[in-house]
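From just these sequences and the hints, can you work out the full model?
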Amino acid sequence: MNRTTKRTPGTTLAMAFVAWYACEAAIAAEPYLPQSEDQVLLSLPIAAFGDGPDLPQLRNQLAEAGDDPQAAVRLARRCLKLGAATGDARYYGHSRAAIAPWWNESRWTDETLDVLRIRAKLRERNHEYAEALADLATLLGRSPRDAQAWLETANLHRVRGDYEQAQLACEALAEFADPFVMTLCRAPLLTVTRGPLQALKSLDAMLPVAEVSSPESVTWILTMQGEAALAAGLSDVAERKFKQVLASEPENRYVARAYAEQLIESGRPSDALNLVASRRQDDGLLLCEALAARACGDAQLVAELQQVIADRFAEVRLRGDVPLGRFESIYVREFEHDASRALRLALDNWNLQKEPHDTEAVLRAAIAAHDKDAAEPVANFVRRHDVAHATVKRLMEQWERLP
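When the count follows my numbering, it moves up by one through the sequence shown with no breaks and lands on 414 for the last residue.
In case anyone wonders, no lab produced these hints; they're calculated from the structure.
Treat the numbers as computed from the prediction; the structure is a model and nothing was measured.
Beta carbons: idealized from backbone N, C-alpha and C, even for Gly.
Please note: incorrect hints may appear among the correct ones.
Here are the in silico distance ranges between beta carbons for each label pair [to be verified]:
| id | residue 1 | residue 2 | range |
| --- | --- | --- | --- |
| 1 | Q311 | R118 | 34 to 44 Å |
| 2 | A310 | K212 | 13 to 23 Å |
| 3 | A310 | R118 | 34 to 44 Å |
Below 30 Å or equal to it, Euclidean Cα-Cα: the simulated DSBU-like pairs (lysine-lysine) are [claimed, not checked]:
| id | residue 1 | residue 2 |
| --- | --- | --- |
| 4 | K212 | K254 |
| 5 | K212 | K404 |
| 6 | K383 | K254 |
| 7 | K404 | K383 |
| 8 | K92 | K254 |
Next up, the structure:
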């Protein structure tokens with residue numbers, strides 16, 4: 012018998028937002044194994060293991076429960092949320108460790124389906140999108156009315172640029188989901204496919220509903236409104252939405268990064284610098300700080316930040332991971348002044364995921380490298396899908412003028 016998992020809109024949304032954050036993480040490669048137990052790879056702050064009052068309790072419960080998959084899922088899910096909230100990739104390692112006994116499982120029961128859900132999220136975080144989609148398909152085969160799984164399926168297809176498949180996932184969800192959940196599915200897709208204004212309008216309609224019945228979802232809606240406004244070229248609206256989020260969640264790194272990028276793009280680097288100061292745990296915010304400092308003419312701070320970024324990328328590789336291609340491409344283009352290498356990095360990243368900012372990274376690098384041909388596949392994608400993002404459109408015009 013198929014099991015239908017009942018989840019509140021807020022719960023569904025919260026886990027979908029974890030998936031959204033996870034797409035912007037370093038890519039895991041084969042793990043590095045130290046030659047001895049005494050070798051120090053990284054000095055961890057105490058907070059890395061104690062952030063969140065329930066972590067020690069969850070670890071103890073798992074230790075006492077042994078092979079209880081639900082105890083493992085509770086710890087793994089908490090670590091996923093902490094990783095998304097803090098940008099600290101080590102939490103994802105803790106999450107995987109919690110479900111390690113079931114990682115290679117192929118026969119799933121009702122008791123272990125949530126382990127499969129966690130595995131899909133971790134595979135997504137590692138940019139193993141095909142494998143994550145396969146896990147979600149297995150989950151939906153057993154629980155076809157699982158709204159969260161359909162939302163995440165649509166999100167993954169959208170990230171990969173498979174917009175038709177994302178739309179089909181939303182249509183499957185429409186067979187049983189309410190209008191609130193349907194907005195969660197359709198708004199991100201509309202934002203990138205000719206409908207950012209429609210997305211903004213639908214989210215406006217849902218906001219009063221969310222404020223009453225699902226207040227935990229308000230942050231996501233405001234964030235998505237900011238993204239849709241940027242796509243539509245409504246920078247004032249985007250700024251207002253981002254400020255609303257940061258007023259209630261000042262540590263929201265995703266929104267802080269989006270807002271900082273907007274401020275830099277609009278010629279307000281000092282405002283961006285004030286926003287991102289002391290937020291260096293997140294690679295994207297660290298990069299924003301360096302770009303803003305350079306625009307402000309602070310050469311000493313730029314030199315300091317360049318070293319921090321170089322050390323951060325080295326740390327990622329020491330863990331056996333690869334820095335996020337978009338961030339590394341921007342760094343190489345802007346601070347190492349190697350546009351050709353930046354273009355290769357951006358293209359490698361774009362072949363994995365095709366969000367508007369991934370497309371932007373390729374176009375900017377191609378323009379800097381004066382290499383029109385290399386970005387032709389990206390330009391064809393933009394034309395074919397009529398990607399509706401103001402910055403992408405502007406960069407496409409610049410790219411078209413290349414000889």
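**Numbered hints the structure breaks, given as an ascending list** = 1, 2, 3 and 6
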